[in-house]
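*Asks:* Sequence:
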Amino acid sequence: MGTLTADEWVAIQLSLKVAGVATLASLPLGIAVALLLARGRFPGKTVLDGLVHLPLVLPPVVTGYMLLLTFGRRAPVGSFLESNFGIVLSFRWTGAALACAVMGFPLMVRAIRLTIEAVDARLEQAASTLGAPPLWVFATVTLPLALPGVIAGAVLCFAKALGEFGATITFVSSIPGETRTIPAAIYGYTQVPGAEMAALRLSLVAVVISLAALVASELMARRSDRRGVRVE
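Residue numbers (the UniProt record's numbering): 1 to 232.
No lab work stands behind these hints: they were computed from the structure.
Label pairs and their calculated CB-CB ranges:
id, residue 1, residue 2, range
1, G20, P144, 20 to 28 angstroms
2, A132, L56, 32 to 40 angstroms
3, L200, Q13, 14 to 22 angstroms
4, R222, L29, 23 to 31 angstroms
5, L81, A126, 41 to 49 angstroms
6, T140, E178, 41 to 49 angstroms
7, T140, T3, 43 to 51 angstroms
8, V207, R73, 33 to 41 angstroms
Model, not experiment: these values are computed from the prediction. By construction, the Cβ of each residue, glycine as well, lies at the ideal position given by its N, Cα and C atoms.
Kindly generate the complete structure, drawing on both the sequences and the hints.
*Replies:* Structure representation (C-alpha cells):
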C-alpha cells in the first residue's frame, strides 16, 4: 500500500486542524442553544429548533452555497468582515472550519440537549432555593451532570467535521495546503487514474481517526459517569 506522501500528510493535518477548530469554536454556542431548547419556554422555540437542525436535511451543497452568499468576499457579511477586521473566510481554511461547524452543529446540540433534558430539574430547583444564581446553578449542577452529553456532542461534531465534503468544497473549494481536507483529497484522487492507493490510504486514516475519537469519547463519558456516582 505504501507510505503516506507529503501531500497526504498535509491533508490529514489540515483536516484535524479544521475539525478541531470547528468543534471548539461551536461548543460554547452549542451548549447555550441546547440549554435554551431544553429548558426555555418562549414563542418560536419550534422555529429555532428547526433552524438548528436544518443543515441535517438540506443538501450539503446548498448549505455551502448559502455560506458563500453570506460570507463570500462580495457578500454582505463577508465584505464587512474583510473591510473592518481583515477576516476572509471564503477559499480559506477558516472558511472550511466554519462550514464544518455549521454541518456538525445540529448533532452537537441534539446530543447535549437530550442530556440536559435528562437532568433532574429538582436538583436545579434545590440549588436555586438555596440562593444560587442561575448561571452558578448551570455551572455547578446542570453542566457536570450533562457532561457525558457534552462530550458526545463534541465528538459527533468533530467526526462530522472530519468527513464533511459537500458544504466545504462549495464554500472554499479544494486548494492544496489551504482547504484540501481528507474528503476533498480522496475525491481528487478518485478522479486521477492510478491514484486509487492514495485514496485508500486516506480512507483508512479517516476510519482510524474517527474510531479513535469515538473510543476516547466513550472512555471519557464513562469516567464522568463514575465521578457523578461518587459525588451523589
